[in-house]
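Just so we're on the same page, the numbering used here is the position in the first sequence counted from 1, plus 1.
Keep in mind that the hints were calculated from the coordinates and are not lab data. Possibly wrong hints are sitting among the right ones.
Said to hold, decoys possible - With a straight-line Cα cutoff of 30 Å, these simulated DSBU-like cross-link-like pairs (lysine-lysine) come out:
| id | residue 1 | residue 2 |
| --- | --- | --- |
| 1 | LYS724 | LYS773 |
| 2 | LYS126 | LYS886 |
| 3 | LYS126 | LYS242 |
| 4 | LYS870 | LYS821 |
| 5 | LYS126 | LYS739 |
Bear in mind that the values here come from a model prediction, so they are computed numbers and not experimental data.
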Amino acid sequence: MSELETPFRYDAAFADVIERKWQTWWQEHDSFLTRNPGDAGFDVSKPKFYVMDMFPYPSGAGLHVGHPVGYIGTDIVARAKRMRGFNVLHPMGWDAFGLPAEQYAVQTGVHPRHTTSSAIETFRKQLKRFGFSYDWSREFATIDPEYVRFTQWIWLQCWNAWFDESTGKARPISQLTQQFETGTRRVELSGNITKLWSECNASERRAAIDNMRLTYLGEQLVNWCPKLGTVLANEEVIDGKSERGGFPVVRQPLKQWMFRITKYANRLLDDLKLVDWPESTRTQQSEWIGRSQGAEIHFTVHDSAGATNHVGDATPDVIEQLSVFTTRPDTLFGATYMVIAPEHPLVKVAIERAKPDARKEITEYVAAARRRSDMERQSDSKVKTGVCTGLFATNPATGANIAIWTADYVLLNYGTGAIMAVPAHDQRDYEFATAFNLPIRVVVLPARDTARHGTVLGEQNSASTLTGGAIQTESVYGGEGIVCASSNAEVSFDGLTTAVAKEKIIEWLQRRGIGNKRVNFRLRDWLFSRQRYWGEPFPVVFAPDGLPYAISESALPVRLPELEDFKPTESDTPRPLLGKAVDWINTTAGQAGVSSADLPANTPVRREANTMPNWAGSCWYYLRFCDPKNTTRFVSVAAEKYWMGEHGVDLYVGGSEHAVLHLLYARFWHKVLFDLGHVTTPEPFAKLFHQGMITSFAYQRPDSSLAPADSVEEISDGVFKEKSTGQSVKQVIAKMSKSLKNVVNPDDVIANFGADTFRLYEMSMGPLEASKPWNTRDIAGSFRFLQRAWRLAVDERTGELLLATRPNEAIEKLLHRATKKVGEDIDRLAFNTAIATLIEVVNAATRSTTLTSAADGGLTRDQLIRFVKLLAPFAPHFAEEIWHKLGCADALATASWPTVNAALLVDDEVELAVQLCGKVKMRLLVPSSADAAAVERMALADPAVIEMLSGKKPKKVIVVPGRLVNIVA
RNA sequence: GCCGGUGUGGCGGAAUUGGCAGACGCGAUGGACUCAAAAUCCAUUGCCCCUCGCGGGGCGUGAAGGUUCGAUUCCUUUCACCGGCACCA
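Let's have the full structure, built from the sequences with the hints guiding it.
This is the structure we're talking about:
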């Protein structure tokens with residue numbers, strides 16, 4: 002009945018109609034088509050703004066309410082920037098290679114291409130329903146052959162480049178060859194031998210070059226599951242068994258492509274200061290890179306525990322050298338034993354030399370350590386395990402004979418895979434030493450305890466009393482201080498501060514030729530091979546001699562072969578799935594596209610059967626968006642220069658889970674491209690922002706297990722009971738998950754309220770960066786706001802505009818304030834407060850309107866135009882509908898943002914709080930022009946203030962103009 | 001264990017640079033309109049106390065201290081929750 006009376010009411014069905022109408026209209030009018038420099042209609046005079054989302058991996062499950070959070074945020078920014086006169090690049094695409102599609106193919110036989118393209122269809126359709134202002138003409142997926150072609154091209158750029166340490170930059174391999182040929186650089190062979198290029202044979206020359214390329218073949222341990230026939234990620238391995246199926250997993254070496262990202266460690270670290278990123282993300286990256294300064298020290302290893310207590314005394318049989326990296330060379334005199342990683346080559350030597358019992362013990366320990374995943378080895382930090390190798394080393398400072406142990410708390414891939422253990426000054430070494438009764442020697446005293454002397458402590462950690470004073474060793478002193486007990490016949494470092502001692506000891510080590518200064522990074526080279534089907538093939542083949550040859554650029558892209566069956570085969574040795582494509586693997590150099598200058602065309606070759614990881618496609622997609630249709634270059638020079646500008650992408654929004662890997666890998670590729678002159682900015686992303694997670698309510702039972710949302714009912718406000726048992730449960734916040742039945746589908750929400758309401762709701766939930774619980778009950782607030790705004794502007798009975806004939810002064814002021822506030826809030830991505838401001842405008846204007854005299858209240862035509870512009874970035878369909886009702890023919894998208902009249906931002910009078918000793922007692926109206934002295938006079942003259950003071954003399958009066966007066970009496 | 005983050009009404013949150021704590025929304029309560037309901041509009045809504053009422057007072061931003069005329073904001077200690085993760089030598 003009411004629907005008959007108000008056919009133009011803003012309800013879900015009406016929202017659906019206008020939203021689809023304007024989405025079609027925008028598409029037909031190319032409203033969001035972005036022109037590149039050189040295109041017809043490109044406006045050179047406008048500044049650029051490149052705002053981008055982290056593109057999604059389209060999963061079969063479709064969009065989740067968490068996906069749009071960031072997309073709505075960037076869309077608001079994109080729309081506001083357009084209205085402020087920027088050329089805006091706002092693209093969307095698909096990260097489309099990935100494991101889920103391949104696993105689905107294993108189960109069903111459906112080709113990943115089909116799974117992926119139907120998931121893309123779903124995602125695109127769902128995203129389009131939100132009315133995002135993407136330039137859909139730039140859409141692409143990382144699986145598109147033209148995109149793969151340039152992903153492979155970038156890999157070839159790395160193949161054809163080397164890192165020149167002298168300039169700290171990548172350069173083309175041709176320049177390296179030139180240096181060799183002219184003799185400016187000698188060829189380094191193993192064992193510190195160098196040769197001239199002319200003295201080298203062909204294979205030495207080839208090795209010299211291959212050893213310098215940014216991408217190289219390296220042997221790496223992988224978690225191979227013979228039964229599943231696949232390599233597993235660390236997280237997929239539990240207790241040495243596969244997560245799926247519980248089959249045994251072995252760590253096996255495998256030759257794979259690597260990137261020399263470590264060459265860029267310094268630049269990746271230093272350039273973090275060039276970008277406007279969240280501090281926490283920059284910290285995470287810099288900790289991941291993990292630069293630490295210290296020394297490398299070489300110890301001599303022998304297999305006798307023979308007494309060699311003095312420097313230069315008896316020289317036992319020296320077997321090997323053992324190098325360690327330490328950040329605390331100043332504690333060398335305190336090194337009372339050494340530990341090597343179970344995978345360290347020296348362990349093999351120890352096993353060979355050990356007696357049968359010991360040999361068994363060591364072998365078993367190493368085997369056990371190898372079975373444990375990295376995660377496991379690193380998580381239980383309390384219990385230290387290890388075995389003595391039977392080998393000994395000489396501490397070069399004390400001359401002492403110290404035992405070499407192996408323990409899994411030392412990792413092979415950090416530093417040299419070996420440490421000198423200083424139990425008095427390192428927590429882990431201390432725990433290990435006390436567990437195995439190893440000696441502890443104090444060599445650093447906190448600065449204020451310099452009167453004490455250090456010496457070798459007893460075996461136990463219990464307060465060891467020493468001559469000259471007690472040094473408590475229940476607590477390890479890991480800080481800096483004053484060196485003690487650090488003298489030998491040659492030198493003394495006693496009394497020096499930690500910083501000075503470090504320098505002096507390194508000098509001494511260098512003089513003796515047994516150590517040097519070294520910077521170490523935690524960052525490791527990037528393993529870039531996967532034994533999967535659904536990834537980019539490498540543009541490389543192997544000749545009969547086993548050496549790799551690059552496929553020439555003109556032969557790109559290398560396409561994946563068709564496969565019928567995606568099931569991996571059981572195997573004891575790791576092998577890539579693509580090995581099944583026998584006909585594809587075996588080809589000739591000519592067919593594969595290797596230049597005949599490198600290999601004769603009829604040479605039989607084998608294709609690389611590994612594929613690239615998921616990261617490859619996401620490493621450079623922001624560049625492709627600048628010029629996605631280019632068939633001759635990965636991006637045109639002009640488009641890259643214009644859209645990337647001086648600092649790169651102006652705003653990049655995505656989840657903080659990508660804080661390290663994706664964002665570090667993309668920076669690395671970008672820097673390589675920068676060094677080779679293909680891009681113009683040193684960094685890809687100027688400003689980064691992480692949107693928060695959308696969580697959901699979950700219900701916790703008294704035993705803290707969680708009950709599915711659909712099994713719980715709300716008895717009264719905030720009181721929940723489980724339906725089946727009647728047990729009361731507590732409402733808590735949890736991640737959305739299928740098992741908890743608390744996943745919200747955005748399609749349902751849009752069907753019930755419309756896309757504009759959805760956008761407003763997600764943006765008003767709280768700060769964009771915060772994680773927030775979805776609460777369906779609250780959506781009504783955003784919906785009612787739009788309904789109220791609609792009624793303010795439009796007669797629900799007739800559909801005609803309701804316009805005031807004269808402006809209300811208070812509303813005019815409010816509108817100017819709102820214009821300023823909304824603009825500023827969009828700039829700082831504070832959309833929740835911007836929306837609150839818009840609500841205030843509507844509420845104020847609504848209140849001044851009575852139902853019968855519309856013409857006197859509400860907004861004037863001019864005010865409504867401005868209001869609709871402010872609302873447009875948030876609720877674009879709604880705004881566009883009213884905009885066109887107002888008689889405007891062009892798209893609201895490019896209308897100009899309203900200007901603020903500064904004069905209307907100030908009031909004649911302001912209300913100040915009057916405080917007595919910091920407590921608000923009353924309020925006082927003063928002219929806003931009054932200065933501090935005048936305000937003080939007025940306040941003290943106010944009768945209420947005089948009464949409040951009751952004769953007391955004010956000691957001090959603080960006036961904060963426009964805010965408050967504080968009288969201290 | 002370490003690092004990072006967050007704690008503000010019944011709920012989501014606001015307070016941008018040390019200056020009136022609780023904007024805005026949800027929920028709740030009362031009223032108007034209606035035969036009635038929905039919708040809408042109006043009012044109230046941090047907690048506690050005094051008061052028939054008008055009013056008035058106290059407490060209050062996880063907890064305890066500190067700095068300051070003044071602290072949600074700065075400092076110290078501490079608790080809880082969330083996220084990440086390394087035994088990094």
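**OP:** Any hints from earlier that this structure breaks? Give me their numbers in increasing order, please.
**Re:** 3
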